[in-house]
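These protein sequence lines are chains A and B, in that order. Count along the first sequence from 1, add 605, and you get the number used in the working numbering. Count along the second sequence from 1, add 605, and you get the number used in the working numbering.
Everything hinted at is true.
Pairs count within a copy or across copies, as identical chains cannot be separated in the list.
With a straight-line cut-off of 25 Å between C-alpha atoms, the simulated SDA-like cross-links for lysine to any residue are:
{"no.": "1", "residue 1": "Lys-856", "residue 2": "Thr-872"}
{"no.": "2", "residue 1": "Lys-765", "residue 2": "Thr-708"}
{"no.": "3", "residue 1": "Lys-839", "residue 2": "Tyr-704"}
{"no.": "4", "residue 1": "Lys-874", "residue 2": "Val-764"}
{"no.": "5", "residue 1": "Lys-765", "residue 2": "Glu-635"}
{"no.": "6", "residue 1": "Lys-840", "residue 2": "Thr-631"}
{"no.": "7", "residue 1": "Lys-794", "residue 2": "Asn-727"}
{"no.": "8", "residue 1": "Lys-765", "residue 2": "Pro-629"}
{"no.": "9", "residue 1": "Lys-690", "residue 2": "Thr-708"}
{"no.": "10", "residue 1": "Lys-839", "residue 2": "Pro-632"}
{"no.": "11", "residue 1": "Lys-874", "residue 2": "Thr-826"}
{"no.": "12", "residue 1": "Lys-829", "residue 2": "Thr-865"}
{"no.": "13", "residue 1": "Lys-726", "residue 2": "Pro-669"}
{"no.": "14", "residue 1": "Lys-874", "residue 2": "Glu-757"}
{"no.": "15", "residue 1": "Lys-690", "residue 2": "Arg-703"}
{"no.": "16", "residue 1": "Lys-690", "residue 2": "Tyr-704"}
{"no.": "17", "residue 1": "Lys-765", "residue 2": "Thr-631"}
{"no.": "18", "residue 1": "Lys-726", "residue 2": "Glu-745"}
Read the hints as simulated data drawn from the structure, not as lab findings.
Given next are the chains, with one letter for each unit.
2 protein chains.
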Amino acid sequence: MTLSISKVQNWIEEDLQNFYQSYPSTPLFEPIQYLLKIGGKRIRPALVLLSHQLFNEKPENARPAALAIEVFHNFTLMHDDIMDKAPLRRGQATVHERYNTNTAILSGDAMMIQAYQLLMKNPCHDQHQLIELFNQKALEVCIGQDLDMSFEGRNDVTVKEYLEMIRLKTAVLVGCAMKMGALVACASKENQDHLYACGEEMGLAFQLMDDYLDAFGNPETVGKQTGGDILADKKTYLYLQLLSRATQEEKNKLQSPFSTPEEKVSTVKEWMRYYKIDEEVKSIANQYSQSAIEHLQAVDCHTEKKEPLIHLVKQLLERQA
Amino acid sequence: MTLSISKVQNWIEEDLQNFYQSYPSTPLFEPIQYLLKIGGKRIRPALVLLSHQLFNEKPENARPAALAIEVFHNFTLMHDDIMDKAPLRRGQATVHERYNTNTAILSGDAMMIQAYQLLMKNPCHDQHQLIELFNQKALEVCIGQDLDMSFEGRNDVTVKEYLEMIRLKTAVLVGCAMKMGALVACASKENQDHLYACGEEMGLAFQLMDDYLDAFGNPETVGKQTGGDILADKKTYLYLQLLSRATQEEKNKLQSPFSTPEEKVSTVKEWMRYYKIDEEVKSIANQYSQSAIEHLQAVDCHTEKKEPLIHLVKQLLERQA
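This is chain A alone, in the form it adopts within the complex (with noise of 0.2 Å):
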């Protein structure tokens, strides 16, 4: 039997619930139900189990992982927002707004630790391989966020730079959670390095199409008013290839105050679409999404196990159209 989407979801939910009941409601623990009970998509934890049922006819196996990568993926969050000074996080307050920086710093590093004790819960014949991925891939987001961090005070951040960036910060973990259920289901090197692949190349897709919508979405489709990174002068995939071409001119009026937000909003976009860079940035993000299809029907397993998989990436993916 192969586990549905929706089946996927139901376990999660479960064990986010048992999670959060194996832990006090201490001043450590507390923040750290709130911020996973805010919610979210749960896509790193589906992909582990639905990489994982590809291999395995015991996808429980890959529940401990499965919830590891999600409650490190929240650590992140939580460590984030206050990096970010971030005020809140689908609508509700972040950790270190609604308790206090201090809390939002140990709840965090508690909960790092709570992923690793997950990790060890692994029935995993090679549960060294599995720890020093997550290790590695770990280190990866932590570079990642320090690259994000640096590119706010330079104003020569290149376009390839960018794309490093969120590889690291976004694509890696994606990547990692799809090889983590083809470790654990003991898959074969190749069929591992293609689900790796296919993930990192989906955070990619991803990532640029946010940056896209973040732009030239419409506002309720996206469920956000757009234009945010254009009045916070984000760099982002749009903004740093919009600087490589436009003209000194443009650049000095981009760099001086507006007459209102939405002149500055509207007046950025045409130039974007002048350059063609709104076309170009769904086009690189399509090639990715591509990419990590062929890399996902390359993978050596029944086809009729890939389906769930191929349902929940083109799921993602389909922002794009």
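For this one, chain A is given, so just place chain B on it according to the hints.
Then chain B, alone, in the frame of chain A:
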């Protein structure tokens, strides 16, 4: 051949050097090198190595675990210094002061992952048990720091709660170091437990003597101005015991301003002496020390192997005399 303490210390410095060199000097890793180079007594890694050699002829096998615990300990210092708003550590600027808070958060996170990377380098038969021990004790350290922070806003902290806090925040990691050495050496469960207990009780004795010396030590011997805890109304064993015994009048005076800092220190010390709290804390620290030594004596191995470890333990506890 039994490793001497000085040989052990050479190994630790050598391994720290190699550790620095294995990571690039980027904004993420540079602060880690900075903090580790500030120095420290390197007690925890020495305890790993000296505990390991009680049972095993290949002392080098415990080097990665020894380094892991030193890196983890320094991670806790980096984050604790942010939370405590500490400007200095060993006379040098703390990481969040020298760089900034975001850097100290993120480099600390990276350090915790590095500690796990080092643990994985361990040629241990039961790596699973080693990591589970480390996870459990690491989480207890977070719980201890959380308790410590919560004490600041409370007026009803008991001595019992204080002892539990220092056990979690400080002592469990000392116990963990000694048990890790035993685990890597595949020592019996009984020997592991004796070493853990030795470390934990030594950690308690050490912290209680720290409290004593901060008030009653000789500034020349202690190496710092004494009375700092009293001036900061820090909830130490001495302070909490004084609160539990003082008259209402004394308590009122304690909470009112004194004419000079010197007057506050000398008055509070006088009260502590009157209630014999100075003698009491030394006596309790001494009981923990005795018990630590007894656990070490109960370890089943060649007696002469214990000599460097007994020497180090006594050296650490000597301050009580």
